[in-house]
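Hey, can you work out the whole structure from these sequences and the hints?
There are 2 protein chains.
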Amino acid sequence: MTHREARERAAAMLADAGIVLTPAERDGIEVTDLGLGRLEETGLQILTYVNTERVCAKELVLFPRQICPEHRHPPVGDDPGKEETFRCRTGSVLLWVDGHGEVELRPGDQFTIPPDTLHWFRAGDEGAVVSEFSTRSRDETDVFSDPRIVR
Amino acid sequence: MTHREARERAAAMLADAGIVLTPAERDGIEVTDLGLGRLEETGLQILTYVNTERVCAKELVLFPRQICPEHRHPPVGDDPGKEETFRCRTGSVLLWVDGHGEVELRPGDQFTIPPDTLHWFRAGDEGAVVSEFSTRSRDETDVFSDPRIVR
Chain A
1107 MTHREARERA AAMLADAGIV LTPAERDGIE VTDLGLGRLE ETGLQILTYV NTERVCAKEL
1167 VLFPRQICPE HRHPPVGDDP GKEETFRCRT GSVLLWVDGH GEVELRPGDQ FTIPPDTLHW
1227 FRAGDEGAVV SEFSTRSRDE TDVFSDPRIV R
Chain B
1107 MTHREARERA AAMLADAGIV LTPAERDGIE VTDLGLGRLE ETGLQILTYV NTERVCAKEL
1167 VLFPRQICPE HRHPPVGDDP GKEETFRCRT GSVLLWVDGH GEVELRPGDQ FTIPPDTLHW
1227 FRAGDEGAVV SEFSTRSRDE TDVFSDPRIV R
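Here the protein sequences line up with chains A and B, keeping their order. Residue 1251 in the numbering used here sits at position 145 of the first sequence, with consecutive numbering throughout. Residue 1219 in the numbering used here sits at position 113 of the second sequence, with consecutive numbering throughout.
Calculated from the structure, these hints are not laboratory results. Just so you know, not all the hints are guaranteed correct.
[Claimed, not checked] The following label-pair restraints were derived from C-beta to C-beta distances:
{"#": "1", "chain 1": "A", "residue 1": "P1253", "chain 2": "B", "residue 2": "E1114", "range": "38 to 46 Å"}
{"#": "2", "chain 1": "A", "residue 1": "E1246", "chain 2": "B", "residue 2": "E1146", "range": "42 to 50 Å"}
{"#": "3", "chain 1": "A", "residue 1": "T1218", "chain 2": "B", "residue 2": "R1244", "range": "12 to 20 Å"}
A virtual CB, placed ideally from N, CA and C, is assigned to each residue, including glycine.
If you want it as C-alpha cells, here you go:
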C-alpha cells in the first residue's frame, strides 16, 4: 500500500464514521510508517484539526490490526508532557498503558493517558477511528521504546 | 419543552451525527437555559467527554435558531482564560467573535476563539452539532454580557 492509497483509505474510514472533512483536510491526512517500512502492520494515519500552544485535537485512523508501538510523551520545558484522551468512534482498539494494563475501547469508550506514560495501541479486525483530545502535540519529542523508530 | 425532552432531542441529534454515546453519557447531557427560562430560544445542550486541569472536549447541541449569548472566558489565576476551537459537525452555526466579526460554520468548518474574547453563536434552521476542543472548562467563571444570565 502506498502512502497515497493509505490516505484515501483513511479518508474513506473517516467518511464512514460520519466525519465531514474539507478537501484540504482530506489531502492533508498524515500517513506515517514510523520509519519501519511496514505501514500495514505498524503505523498510523492522522488528521489534525487543531494544534495550538495549549490544545490539540486529532482523528487517528488505524487499519485492521495496525499497531502504534510503545512510546511516551516526555516533559518539554515547562510542559509536563502531553496528556491524551482517546475516544473510540468506530471499530475497536486495544490500548496498553503503563501502570494500568490493557483496555479495549469500542465506540463510545474512552481513556485518558497521563503525561510521560508508556503506552501502545493496536486496532482490532475492523480497524478503528479514534478521536484524540490532548495538550499540544510535539511529535518530534516523542520517545519510542524501539530505537529504530523515527517520528 | 422540558429539560428531559431537550436531553432526548439532543441525544437524537448526536446519534444522527454518527456519534456513539454510552447510556450514562446520554443521561448526563447537560441542558441549560442560562437562567432565562426560554430554552428553545436561548440555551445549550452539552455533552462533556473530558475536562481535566489541562484539556476539555465537548459536543455542543443547538436546536434550530437557539442562541448561546455573548460571553467571554476570563483569566483565572495562572490560566489566561479558556481557548476554544469550535468545529461544526452537522447543521450550521453563525459565530460572532469580537475583533473578527461573524463567521458561518458548516460541517467541516472550524474556528479558534482566543481566551477572554467576547463571542456568541446561533444555530441555523436545522440546528447544529458542534465539537468543542479547549483548555479546562470553568463554566462558573464565564462572564455573560447580559447580567440576568446565571451559568
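Do the hints match the structure? See the list:
| no. | hint | result |
| --- | --- | --- |
| 1 | P1253/A <-> E1114/B: 38 to 46 Å | 53 Å, violated |
| 2 | E1246/A <-> E1146/B: 42 to 50 Å | 49 Å, holds |
| 3 | T1218/A <-> R1244/B: 12 to 20 Å | 18 Å, holds |
Violated hint for the displayed structure: number 1, the only one.
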